[in-house]
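Number of protein chains: 2
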Amino acid sequence: MTDRSDATMKPAPRLNIVTLGVADLARARAFYEDGLGWPVSPASQGDIVFIQLGAVVLSLHPRAALAADATVSDKGAGFAGITLAHNVRDKADVAAVLRAAEAAGGRIVKPAQDAHWGGHSGYFADPDGHLWEVAWNPFIPLDADGALRLP
Amino acid sequence: MTDRSDATMKPAPRLNIVTLGVADLARARAFYEDGLGWPVSPASQGDIVFIQLGAVVLSLHPRAALAADATVSDKGAGFAGITLAHNVRDKADVAAVLRAAEAAGGRIVKPAQDAHWGGHSGYFADPDGHLWEVAWNPFIPLDADGALRLP
Chain A
84 MTDRSDATMK PAPRLNIVTL GVADLARARA FYEDGLGWPV SPASQGDIVF
134 IQLGAVVLSL HPRAALAADA TVSDKGAGFA GITLAHNVRD KADVAAVLRA
184 AEAAGGRIVK PAQDAHWGGH SGYFADPDGH LWEVAWNPFI PLDADGALRL
234 P
Chain B
84 MTDRSDATMK PAPRLNIVTL GVADLARARA FYEDGLGWPV SPASQGDIVF
134 IQLGAVVLSL HPRAALAADA TVSDKGAGFA GITLAHNVRD KADVAAVLRA
184 AEAAGGRIVK PAQDAHWGGH SGYFADPDGH LWEVAWNPFI PLDADGALRL
234 P
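These protein sequence lines are chains A and B, in that order.
Quick note: to get our numbering, add 83 to the position in the first sequence (first position is 1).
Quick note: to get our numbering, add 83 to the position in the second sequence (first position is 1).
Some hints here could point you the wrong way.
It does not matter which identical chain is meant; a pair holds if it fits inside one copy or across any two.
Cross-link-like lysine-lysine pairs, in silico, BS3-like; alpha carbons within 25 Å at most [what the hints assert, rightly or not]:
1) Lys-93 / Lys-158
2) Lys-174 / Lys-93
3) Lys-93 / Lys-193
4) Lys-158 / Lys-174
5) Lys-174 / Lys-193
The hints are simulated quantities; they were obtained by calculation from the structure and are not laboratory data.
Here chain A stands alone, though its shape is the one from the complex (with noise of 0.2 Å):
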């Protein structure tokens, strides 16, 4: 693992944030905070939400202003060919997180199933679409920390 600037430099194999484009900042840090309870920290300000989630930091920001962050056009529609995944320890809890997010605002988009996969799932949009795919891996318990750990 080296963050060396040379030419031949190879990144830590890292991803620290994931940022969400949001139409209503308050509704969709209602939809996180309030509906499921994620504490949003005190890091937060201006425009940008942030959650702490384990290791890893969820960011709640227009998504106008996000596109523009990355100097790109914010016009785009449909699929956005990204999923994010909340595990969880215990199969029942697959359904009931949805019901969870359903309650908060989200909607239920794939209601809780088994997987061909062997493990158990569903999925839920939240206020602005994005997608969480909710499972119960039987395969590859989740760590003490709440962490799923490859082999």
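Assemble chain B onto chain A, guided by the hints.
Using the frame of chain A, we list chain B on its own:
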């Protein structure tokens, strides 16, 4: 932190997997594995590639199959509304990581530059257009494990 499956359940604050839908799985794998040098997990199988990034897992999966798994249309174009961030320990590493991504077959979308919030950052797109910000944040250094832990 509770996983109780009752009606008032609040899900644990947890993000375990980020899955990128890709047009060409071999090309995407080559970008991350050979280009960036990020080890592919032996837990990968069939048309799913897993890469452990600290406590979170990056997954690569054919875009159409990902949409089908979520039971949504795979139609979609333009800005996805989601960005990922890779934080670095030194300011000069922002440009170095962008160069490494470009050498690996990615595209520099925003060259390394000082940011209005006091850091230094840029963006690259992977071969499928997924946007990664590379950022140096002098206010919140990475911990020993490479994780960003907010105040």
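Outcome of the hint check:
no.: 1; hint: Lys-93 / Lys-158; result: neither (32 Å within a copy, 34 Å between copies)
no.: 2; hint: Lys-174 / Lys-93; result: between (39 Å within a copy, 16 Å between copies)
no.: 3; hint: Lys-93 / Lys-193; result: between (38 Å within a copy, 19 Å between copies)
no.: 4; hint: Lys-158 / Lys-174; result: neither (38 Å within a copy, 31 Å between copies)
no.: 5; hint: Lys-174 / Lys-193; result: within (15 Å within a copy, 43 Å between copies)
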